[in-house]
Amino acid sequence: MNASAQHIPTELPNSVQPFRPTPPGNSGGKVVALPLELPAPRALPVIAKVGLREICLRYRTHTGDRLLALDRINLEVKAGEFLCVVGPSGCGKSTLLHLIAGLQPPTSGQILVDGNPVEGPGTDRIMIFQEHGLFPWLTVGQNVEFGMKMKGVGRAEREEKTRYYLRLVHLAKFEKSYIHQLSGGMRQRVAIARALATEPDVLLMDEPFGALDAQTRDLLHDELERIWSDTGCTIIFVTHNVREAVRLGDRVVLLTFRPGRVKTEFPVDLPRPRHLEDPAVARAAGQILVQLRDEINRSLEAEYAEGVKPRIEPGVEA
Amino acid sequence: MKTNQIMKRAARYVIFYAALFGLWTLLAELKIWPPYLFPTPWGVAEALYAGFKDHTYWIAMRVSMERVLIGYSISVVLGMILGLGVASNKFLEQTMGGLLVSLQSLPSICWWPLALLWFGLNQNAILFVVIMGSLLSVTLAMEDGRKQMPKIFGMAGRNLGAKGFKLFWYVLLPACLPFIVSGLKQGWAFAWRSLITAEMLYLSLGLGQVLMMGRDLNDMSAVVAVMILIIAIGYIIDGVVFKGMERHLQNKWGLAPAT
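The listed protein sequences derive, respectively, from chains A and B. Under our numbering, the very last position in the first sequence is 318; numbers go up by exactly one each time. Under our numbering, the very last position in the second sequence is 259; numbers go up by exactly one each time.
Next comes chain B alone, as it looks inside the complex:
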């Protein structure tokens, strides 16, 4: 019965994507728009092949992944510290809490002009934008998680002799994790988007720049090819890393799987 369900699900996927692909091919073949405005599937496939063959895409992916990993890691660490501070201090909560929420409505790319002035036209400016993109999500998630976390874990931990960093690392952090995993996921999505946006604004070797290169060359096939890469990486990280983390937590805590 189980395999039957999986087969059905797979069939649904195949049908959906086949239909989508068919529609795209059809629209391209009808030639309503010229090919430089509306690329064909074959054109995109060729662009992907060429891009991987001359290593442009491999390099771009590596550079972008490195940046997002560094930036995201920094936001996670900073966000957890900030969130914990805001959650455990009434003064901070009442003052900074509102500021954090209002700052979240600011697209992170708005920091770009300042970042350029502060860090210069280099990697650090991009990292700054990435951090600003995901920091708030992580901070707010951590604050919320710390409040939602049953108080008994903190009491039990302190009672058993955990304090300071040990209390945070061995008790508070693992106890919060199920409550912050969605915030971490959101933070990742924001980091990834901010990175691509920042890369598009500057000669940066990353995926964003490769995308802009396609525009400059009027090669819409290349643009769509890079868009597909960006989506694929985002989807894989979400589906593999975060889904895996969620499943792992559910197994440990005995929570019902959220389907």
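Bound-form chain A, shown alone:
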């Protein structure tokens, strides 16, 4: 768990606060923050699945001011890891995903996937957006096979895989439906199927369940966890919901408010399957929330001081 924190030169070691489930005998119910244990040196150098090196991003706002959105972000994500990124709105956490997806270049720094620099979009890294981004002019099935079609996969294989991934998200019956005929949760499941159908190594999820009701979200958490353990893909999951982050993640990274920096990393060592209402999840979330609240306050102060929040121009243009 701590191996990843070790690669972060900008972070102080004591900012790493591992969560351990409370031992059954411990009646106090308090989270015991264990002292940092340095891992034994590994025999083989492990190349991170996704590596961010000194990532900086500057925007030009509509007033013409230059704004530092991301400041020297260093992160390493291991293959098969479920990493959650939390932070106040405006910390650039969604932008971080766009950078990894290659939809937008960083101002400086390097993004590595399997040790190779990212030079544009690639189907090894698929995004799932909050507003799902499904194509309303295509049926559910056509949406799912879209990535394969772009890759030039043959029709028979496409059809077979489309059916497979729709079954995986329990939507086999809706292959011929159009997107507007589905509920919000079903749409998000189609988006997941569409992403998985291109067989990506990394899933980039940008607050995918933010707009869903609580029951649907619980259900999708379970489904996502199952799909993640079945496929073994790496997931980088952005959310503003700390509890959701702890429920899902192997590790939670907290970003600061503008400019976005890695404030703290929290390894989550709770056993799976977890539930949103688990006391251990709530306690872990509580610890993160304390630090997040500082950042939210800073964001609110900035908002009030400026009168109007500076609108960040979306730099991504297709």
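These are computed hints drawn from the structure, not numbers from a lab. Beta carbons are placed, not taken as given, at the ideal position from N, Cα and C, and that holds for glycine. All the given hints hold, so there is nothing to weed out.
Below are the DSSO-like pairs computed for lysine-lysine, each with C-alpha atoms no more than 30 Å apart in a straight line: (1) B:Lys166 / A:Lys173; (2) B:Lys163 / A:Lys176; (3) B:Lys252 / A:Lys161.
Calculated Cβ distances over 12 Å to all of chain A for the following chain B residues: (4) Asp54; (5) His55; (6) Ser73; (7) Ser105; (8) Tyr235.
Derived list of chain A stretches under chain B, where covered just means 3 residues or more per stretch with a C-beta under 8 Å from a C-beta of chain B: (9) 142-150; (10) 175-181.
Fit chain B to the given chain A structure using the hints.
Chain B only, in chain A's frame:
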């Protein structure tokens, strides 16, 4: 209840057109103006019958439809490319954007003298006028549609591996379509008008020329008959092709039908 509404609507149509027809007949029968100035409904019906019988109207309609289809198709393709270029390039937007809007105030028939010089007195001159008539509508619609289109579709498309022509054909174009369909419709209307105007200026076999032939022969019944044909074709294309397209898009996208 549904059929009841349709019946009511049909009744309204029938009453309106019957009244219009009655008024026309009445004015013609009162003989306020001589028949060569104000044709009677029967005269027009006879002219239509005669025109279809000796194949003049069939040929004219075919020739005109062919021209408008070729010209309009070229404008749609060119307009989409231009519009997309203007929408995605700041320099083009700031320079050409204004030019396009100002050019739109120019009636396309103003290109006729130049077209004659450039292409000669032939079909190409007519096509040029038709293209100039509809190109700007399509271009501006495409530019606007590209800007109105939610950005997420472009991002999702690129993310899923679409780029270049594939991105345009499979993502940007279908994503823009609901926003440009009214522009395409307007472009069609301009193309049709430009065509008829250009045809009236030159021996061209098309509907425009048949209309002018009626004038030359002082046969106002024939003139009105051709006017009715021009209106009918425009209306049918609008009502069948574009309405159908709009309805199709609404069904797919789940947009409320615009009534």
